[in-house]
Each structure stands twice: as structure tokens, then as C-alpha cells.
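Here is how the chains run, residue by residue.
Number of protein chains: 2
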Amino acid sequence: MRDLPLSRVYQLLEPGPVVLLTTSARGRANVMTMSWHMMVEFEPPRIACVVSNGDYSFAALRATKECVIAVPAVKLAQKVVNIGNCSGADVDKFAAFDLTPKRASHVAPPLVAECFANLECKVIDTRLVNAYGIFILEVLKAWVDPAQKNPKTIHHHGFGKFVVDGRAIKLKSRMR
Amino acid sequence: MRDLPLSRVYQLLEPGPVVLLTTSARGRANVMTMSWHMMVEFEPPRIACVVSNGDYSFAALRATKECVIAVPAVKLAQKVVNIGNCSGADVDKFAAFDLTPKRASHVAPPLVAECFANLECKVIDTRLVNAYGIFILEVLKAWVDPAQKNPKTIHHHGFGKFVVDGRAIKLKSRMR
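These protein sequence lines map, in sequence, to chains D and E.
One point on numbering: in my numbering, the residue at position 115 of the first sequence is 116, and numbering is uninterrupted.
One point on numbering: in my numbering, the residue at position 66 of the second sequence is 67, and numbering is uninterrupted.
Please note that a few of the clues may not be correct.
Heads up, the list lumps identical chains together, so a pair's fine if it works in one copy or across two of them.
[What the hints assert, rightly or not] Pairs of lysine-lysine residues, derived as DSBU-like cross-links and limited to a Cα-Cα distance of at most 35 Å, are as follows:
id, residue 1, residue 2
1, Lys142, Lys171
2, Lys153, Lys173
3, Lys66, Lys173
4, Lys103, Lys142
5, Lys103, Lys173
6, Lys123, Lys80
7, Lys80, Lys66
8, Lys80, Lys162
9, Lys66, Lys150
10, Lys150, Lys123
11, Lys173, Lys80
12, Lys150, Lys80
13, Lys162, Lys173
14, Lys76, Lys162
These are computed hints drawn from the structure, not numbers from a lab.
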């Protein structure tokens, strides 16, 4: 995994890919599937995401205030769905789905080695957790896998329908 | 425009498309380009979005607590970029970009007739506006244009690079 400058993190999440979120509590790592997230600040990169109190990851995220957001390419799509269809209360998902946990440098939850990008995050604001499950995260460290070139991400349209990244276009823009 | 059931609104925004946001203040409509948004609740559909206090739309959104989120297909891509590259302080964007404002049913800001979906929204929570520019919206009414079949949306990767929706895949899933 190669270091990614924090100034470029927004380019990973702004397009809206389905991601994985890892947590760790009492020495046990877990992973969930997540589509409700957005950028909030370019640098330091800040992210808002929704983790519902019905998600098994909720308690670990609220208690430890640490997570990793891992971005899977389309080759992991069926695994990503399967991860979302079961609970860490019942399943050791890293083992069940043959994912490789990799030690992070700033947080306890593991990176997911199979994902092309991994973002080490701490929770910096919980004011909207009770009302909406909204956590505000700050990215401490970002990693990309240089072996995965031009990875295509997936975007959820509901009920198992996903749209895969298609062609890229370049338009004249002054926007970052 | 045809009515879209509110239960299906999340399927429009969860995939992370670039959208337009219209506001209206003192009888004058404005429109901005936005990529920082996420679903927060299925039904009633609730959305979080970031509108910075550097955006001209910020004052109107905070004062009137109303907006419309309009979802453009790829054919509008260059127009969407141009809308993001100027300010409503200087330009009447509906006129400059030849967009057709259409009266909404529940809010003062207009729908954008050229977009394939339009969501009439009210602001329901401003607690994180000062800290992050995060507004929590509730969708009151949703519209789709039945004449635009299988619209492809665009996803921003920074500096004028956009990825267009590619192929759709269907995976066995129990997730909504």
C-alpha cells in the first residue's frame, strides 16, 4: 500500500462508491457495507457517514471513535453485498469472506488489503448521532494499492442493483 | 414530470451523482452544483448536504430553509460544470445557462425542467451548519421525467474529471 496525500482523499469518496467500514472492539475486528457517506471538507479531509444504531458496528464506532473506510473495486462486488447481508453479531466477517486485515498506522481497526484504497479515520463529532446516526470523521492517513490500476467502483441503486463506473470525461472546469 | 413515490428517492442519490441545488430569495431563483450529499433516512427521505458559507446559495438556503435538488443526466454535464464555475452573485444562472425553471408544489425554489429528477426539500436541522456547512433536508415531494429513460449520471473525481454511469449489475441481496 502506498501513501495517498490527504489533499486527494475527496477524489475517492465524492463520486459516491459503495464502501466498507471496519471497526474494532475488544480486540475483535468487524466490517460493514456502507453507501451513505459524503465529503465535508477537503483538507484535512472530513467525511460524514450514517451508521444506524441497528448496525452491529454502531456500538464499536461510538465507543472507540475509530474506523477505516475501505474502497472496493467491482471485482469485490458480490463479497461487498454478502458483507452487508449479515451481522458481525453472528459472523466473523473477515474470516467468512476471506478478507485480509492489515494493521493500520493510526487506528485500531484494520485496513482491508483487498480494497484499492483505505482511509484511517477518527470520529470528531457525534452531535447528530442520536438523531440521524450521522458521524463526522476526520481522515488521519490514506493508503492506495498501486497494483490496482484505474479501479472501477460500484454505486448502489437499491435491492442489489449496482451501476459500475463507465467512461471518464474531462470538462473544462475551475472547480477543485 | 411524474410523481415519484418518496420511498424510492434514496435510489436517486445513494449512487452519488453530481446534482444541482436551487434556492430562491426575494423572488430571485439561483442554482448551484453540488457533489457533497448523502442519504440519511429512507422514508421520509432525508438528505444531508454541504453548502459552504462561501457559496452564494448559502444565505438563501439558511434564511428560507427551502431548496430543490435536481439530478442532471450526462447530456447536461458541461452546463453543470459551468454552473459550478460562476456565482449567483454575478449571474442569473437560469437565463445564462438556458435552464427552464418550473414551479414546485411545496417550496418556492424552482424545479429544473431539463433534469430527469427533482426533489422538493425543506431544511429540518441546522445544528451542523456553522461547523461544517451541513444542512439536513427532508424531501416533501419528488418528480421524475418519464421521457428520460435510463438516464446516466455523472460522478465527480476532481478538477473537471467525471465518470459516467456504466453497466448495471444485479446481485443477490437482502439489502434495501
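Hints and how they fare:
no.: 1; hint: Lys142 / Lys171; verdict: both (28 Å within a copy, 33 Å between copies)
no.: 2; hint: Lys153 / Lys173; verdict: both (23 Å within a copy, 20 Å between copies)
no.: 3; hint: Lys66 / Lys173; verdict: between (40 Å within a copy, 32 Å between copies)
no.: 4; hint: Lys103 / Lys142; verdict: within (14 Å within a copy, 45 Å between copies)
no.: 5; hint: Lys103 / Lys173; verdict: between (39 Å within a copy, 28 Å between copies)
no.: 6; hint: Lys123 / Lys80; verdict: within (26 Å within a copy, 37 Å between copies)
no.: 7; hint: Lys80 / Lys66; verdict: within (26 Å within a copy, 41 Å between copies)
no.: 8; hint: Lys80 / Lys162; verdict: both (14 Å within a copy, 29 Å between copies)
no.: 9; hint: Lys66 / Lys150; verdict: within (32 Å within a copy, 43 Å between copies)
no.: 10; hint: Lys150 / Lys123; verdict: within (28 Å within a copy, 42 Å between copies)
no.: 11; hint: Lys173 / Lys80; verdict: between (37 Å within a copy, 11 Å between copies)
no.: 12; hint: Lys150 / Lys80; verdict: both (20 Å within a copy, 30 Å between copies)
no.: 13; hint: Lys162 / Lys173; verdict: both (32 Å within a copy, 9 Å between copies)
no.: 14; hint: Lys76 / Lys162; verdict: both (15 Å within a copy, 23 Å between copies)
Violated hints for the displayed structure: none, as all numbered hints are satisfied.
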